[in-house]
Amino acid sequence: MDRAEKLVLGMASALLVVFLSATVFAVARLDITLPTCFTEMEPFDEGEVIEHSEDWYEVHYLAAMWFFEPEELEVPAGATVDLYLTSDDVLHGFQILGTDVNLMAVPGTVNYKRVTFDEPGEYRIVCHEFCGIDHHWMAATITVAER
Amino acid sequence: MESAGEERVSLTDASRRLILLELLVPTVLLAFGIYHGFVQTLYRAGIIRAESFLGIDYYQGLTLHGVINAIVFTTMFAVAFGNALVARFLGREPPVGAAWVSFALMTVGTLLAAFAMFTGRASILYTFYPPLVAHPTFYIGAALLVVGSWVAFFNWIPLYRSWRRENPGRKTPLAIVGIFATFVVWMMATLPLAYEVIVMLIPWSLGMVREINVLLARTLFWFFGHPLVYFWLLPAYVMYYVMLPRIAGGKLYSDFAGRLVFMLFIVFSAPVGVHHQFGDPGISVSWKWLQTLLTYGVALPSLITAFTLAASLEYAARQNGGTGLLRWWTRLPYWDRERWLFGYFFAGLFLFLFGGVTGLINASYSVNNLVHNTAWVPGHFHTTIAGPVFLAFIAMTLHLVSELTGKPVRLKSWNVAVPYLWLLGVALLSIGMSISGIDGEPRRTNLGLGYTNPGSELFVPQWASMARVVAAGGGIMLFAMVVYFAVLVSTLLSKRQREPGLGFPVAEAYHDEPAGFVANFRPWIVIGVLICAIAYAPVLYDVSRATFFGSPSYTPD
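Line order of the protein sequences matches chains A and B. Quick note on the working numbering: the first sequence kicks off at 1 and runs consecutively. Quick note on the working numbering: the second sequence kicks off at 1 and runs consecutively.
Okay, chain A solo, but in the shape it has when bound (with noise of 0.2 Å):
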């Protein structure tokens, strides 16, 4: 290797290492975090919301061929809200739009994400994974209310 290749290799490599440093950032300081192995709950087969105060939701989502179940959920601006995730059937897709939660529902399995809205207004799901021949008709939406 010639002092050129030798350059651009520690280059290249210091890069991934500002890289690697950045998602490390995220995750301690802006506490940007990815869904874990969850083992603590068994998949459910219906959706329901729990309120158990009005600062802290817990939403059981059920996703199916080809709808979610709560189809409309209402919380109010700032609240925590835990968003447990399952499926009834096959592979879905959960995207809240404008928000960072991006998620997989697996049959079998149950997926965890905490999330607050900030800004009231009306959200929208789109199931993004393709799971049969309706696929392109499954949405729902979450209203957030100004307090």
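Keep in mind that a hint or two might mislead.
As the list claims (entries may be wrong) - Derived lysine to any residue pairs resembling SDA-like cross-links, with alpha carbons at most 20 Å apart:
(1) A:K6 with B:Y510
(2) B:K495 with B:S10
(3) A:K6 with B:F307
(4) A:K6 with B:L264
(5) B:K171 with B:L191
(6) A:K6 with B:G297
(7) A:K6 with B:K412
(8) A:K6 with B:Y315
(9) B:K412 with B:Y510
(10) A:K6 with B:H511
(11) A:K6 with B:A310
(12) A:K6 with B:L303
(13) A:K6 with B:E513
(14) A:K6 with B:D557
(15) B:K171 with B:M187
(16) A:K6 with B:K407
(17) A:K6 with B:G516
(18) B:K407 with B:R92
(19) B:K412 with B:F485
(20) A:K6 with B:S302
(21) A:K6 with B:R496
(22) A:K6 with B:L300
(23) B:K412 with B:R496
(24) B:K171 with A:R3
(25) A:K6 with B:A515
Unchecked claim - Anything over 12 Å on all C-beta distances counts as not near chain A; from chain B, calculated:
(26) V25
(27) A31
(28) G91
(29) V133
(30) F153
(31) Y160
(32) R161
(33) I212
(34) G279
(35) A299
(36) A306
(37) K412
(38) L530
(39) A535
FYI, nobody ran anything at the bench for these hints, they're computed from the structure. All C-beta atoms, glycine included, are put in the ideal place defined by N, C-alpha and C.
Assemble the complex: chain A is given as a structure, and chain B must be docked to it using the hints.
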């Protein structure tokens, strides 16, 4: 480097015909795959606002597009290219009996899968995630295709061994290092796939087993699915390292860099598939992060390649009279009708600049959250597989057809335009999909009925306008392919003008150092397998403890 130049070898008729068939059978199927790619852009833009068009349903067409373009075409091409490289660079023709068995297995497998797809019994996309189920012929066909490619590789190994025995102290030709690395990666990728398909999916689709572990199948699929992309990419790298510098009029900047790059791919290709599953339940964040780290590792050989190829092109351009810090870029044979391979390679590399950057974004842990399963993802991989991979494969198909039939390429002035038309089409398609993807537009979805339909309550205006840009790109890509097929067919139909044979443009090395620690595959394979075990054992353990029950089968309707 060994045997630089344009030396041609002659092949027996049996080998020659076999390689031609291995190139042309998937190319015929490719016409269907390309058509269904184009039609999809029309559906998504709402230009076709229907469930199906000309008797083929949207998701059936999407399955055909993915399986034909990404699995059948790529696998058969890699085998054909490997057969040709072994014959040319080891000076030994792969034994014809086993080579034909390999071709027969791949063809029967392809026909079985095509039967299931064309009759609407396998409209479950090329990822075939259970518990959606296809007709058993789909899975059996896929398995035969893969086994056929294994037979081809096993057919080459004794030839490599005997070449090494007879040439002690000589460096293995770089083309051979590259194609063997390709198939080592393929073996590492297809073992988990074989477990998924043969042990899990086939008995389940036949009704012999009632339930399947969906998350395990999905994890095994991506254990295969990411090294798969390097199986696509590495044959293109062989062409870039071995042939591109000579076509450009220069030398390969560093032979050692090429060898190192191929070995690094063996180490880092496989243990990275979990970056497709960052949004999945049942896998701990620690293992997701570890595979982010390893995915950055697999970026390293591509960054080395970016430097080595740019340096090789600069050397060539200066040989051609280029000067200045950047002005030498104008002295490359972009439009040379005789050196038409250059345009195909160059346009592919240009797209791959964007493919590489967007790939790093996809791998980046939390950033992936914003783009996972959105149109951004096909926006990305159309600058990789539909960029450098596809352009290199169709270019080499045309080159080999011309060599093996002794018929010079026809319609040359049209032919040089193909890669640039394709580049323009892919650019529009990928830019449109990337922008909409950041806006949350889902991939693999028939958007035209709802999301891009002003009359629907699901309508999203900004997706609708970008989908039109994507359709324009799709139209240009289709036009480029019509021209390409015209060139290919008129070449095939023309008169033989010289003896059929087999030759490649082969570059000398500018820095031709000893192979040193990258001389042998074995240590790199051992390290690769070890890293796979470390990266995947805890993931599979997590999947097993997070799965509460298995799933019965569902058909898409």
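To see whether the hints hold, each was checked on the structure:
At most 20 Å may separate the alpha-carbon atoms for a hinted pair to count; A:K6 and B:Y510 meet this at roughly 16 Å. Distance check on the hinted pair: B:K495 and B:S10 sit about 19 Å apart at the alpha-carbon level, within 20 Å; holds. With a C-alpha separation of about 11 Å, the suggested pair A:K6 and B:F307 falls inside the 20 Å cut-off, and the hint holds. Between A:K6 and B:L264 the alpha-carbon distance is near 16 Å, which keeps this suggested pair within the 20 Å criterion.
Restraint check for B:K171 and B:L191: the C-alpha separation of about 30 Å exceeds 20 Å, so the hint is violated. In summary, the hint linking A:K6 to B:G297 is supported, as the alpha carbons are separated by about 17 Å, within the 20 Å threshold. Of the pairs offered as hints, the one joining A:K6 and B:K412 is violated, with about 41 Å between alpha carbons and a cut-off of 20 Å exceeded. As the CA atoms of A:K6 and B:Y315 are separated by approximately 18 Å, the hinted pair is consistent with the 20 Å bound.
The suggested pairing of B:K412 with B:Y510 is violated, with an alpha-carbon distance near 31 Å, which exceeds 20 Å. Of the supplied pair hints, the one linking A:K6 and B:H511 holds, its CA atoms being roughly 14 Å apart against a limit of 20 Å. A distance of roughly 15 Å separates the Cα atoms of A:K6 and B:A310; the hinted pair therefore holds under the 20 Å criterion. Straight-line distance between C-alpha atoms of A:K6 and B:L303 comes to about 12 Å, which keeps the hinted pair within the 20 Å bound.
Our distance criterion of 20 Å between C-alpha atoms is met by A:K6 and B:E513, whose separation comes to about 15 Å. Between A:K6 and B:D557 the CA atoms are separated by roughly 57 Å; this puts the pair beyond 20 Å, and the hint is violated. Our distance criterion of 20 Å between C-alpha atoms is broken by B:K171 and B:M187, whose separation comes to about 24 Å. Straight-line distance between C-alpha atoms of A:K6 and B:K407 comes to about 44 Å, which puts the hinted pair past the 20 Å bound.
Restraint check for A:K6 and B:G516: satisfied, since their Cα atoms lie roughly 16 Å apart, inside the 20 Å limit. The straight-line distance between the Cα atoms of B:K407 and B:R92 is roughly 24 Å, outside the 20 Å bound, and the hint therefore fails. Only pairs whose Cα atoms come within 20 Å are accepted, and B:K412 paired with B:F485 is accepted, the gap being roughly 13 Å. Distance restraint check for A:K6 and B:S302: the Cα-Cα separation of roughly 15 Å lies within the 20 Å cut-off, and the hinted pair is therefore satisfied.
Annotation: proposed proximity of A:K6 to B:R496 is violated, straight-line Cα distance about 49 Å (limit 20 Å). With a C-alpha separation of about 13 Å, the suggested pair A:K6 and B:L300 falls inside the 20 Å cut-off, and the hint holds. Under the criterion of a C-alpha separation no larger than 20 Å, the hint pairing B:K412 with B:R496 is consistent with the structure, at around 16 Å. For the given pair, B:K171 sits about 23 Å from A:R3 by alpha-carbon distance, which is inconsistent with the 20 Å threshold.
Proposed proximity of A:K6 and B:A515 is supported: the alpha carbons are some 17 Å apart, at most 20 Å. The non-interface label for B:V25 is consistent with chain A: the shortest C-beta to C-beta separation is roughly 28 Å, beyond 12 Å. No beta-carbon of chain A is positioned within 12 Å of the beta-carbon of B:A31; the least distance is around 24 Å. The claim that B:G91 is not at the interface with chain A holds, since no C-beta of that chain comes within 12 Å of its own (minimum 30 Å).
The Cβ of B:V133 does not lie farther than 12 Å from every Cβ of chain A; its closest approach is about 9 Å, which violates its non-interface assignment. For B:F153, the non-interface assignment is confirmed: its Cβ lies about 31 Å from the closest Cβ of chain A, beyond the 12 Å cut-off. The claim that B:Y160 is not at the interface with chain A holds, since no C-beta of that chain comes within 12 Å of its own (minimum 26 Å). Under the 12 Å C-beta cut-off, the non-interface status given to B:R161 relative to chain A holds; the minimum distance is some 29 Å.
Distance to chain A contradicts B:I212 as a non-interface residue, since its nearest Cβ pair spans about 9 Å, not more than 12 Å. Distance check for B:G279 against chain A: the nearest CB is about 5 Å away, which does not clear 12 Å, and the non-interface claim fails. Once the 12 Å rule is applied to beta carbons, B:A299 is inconsistent with being away from chain A; the minimum gap is 6 Å. With a minimum CB-CB distance of about 9 Å to chain A, B:A306 fails to clear the 12 Å threshold, and the non-interface call is violated.
At roughly 37 Å, the least C-beta separation between B:K412 and chain A is larger than 12 Å, which holds for a residue marked as non-interface. Remark: the non-interface label on B:L530 is consistent with the geometry, its nearest Cβ contact in chain A lying 21 Å away (cut-off 12 Å). The beta carbon of B:A535 sits about 15 Å from the closest Cβ of chain A, which is more than 12 Å, so the claim that it is off the interface holds.
Hint check: violations occur at hints 5, 7, 9, 14, 15, 16, 18, 21, 24, 29, 33, 34, 35 and 36; the rest are consistent with the structure.
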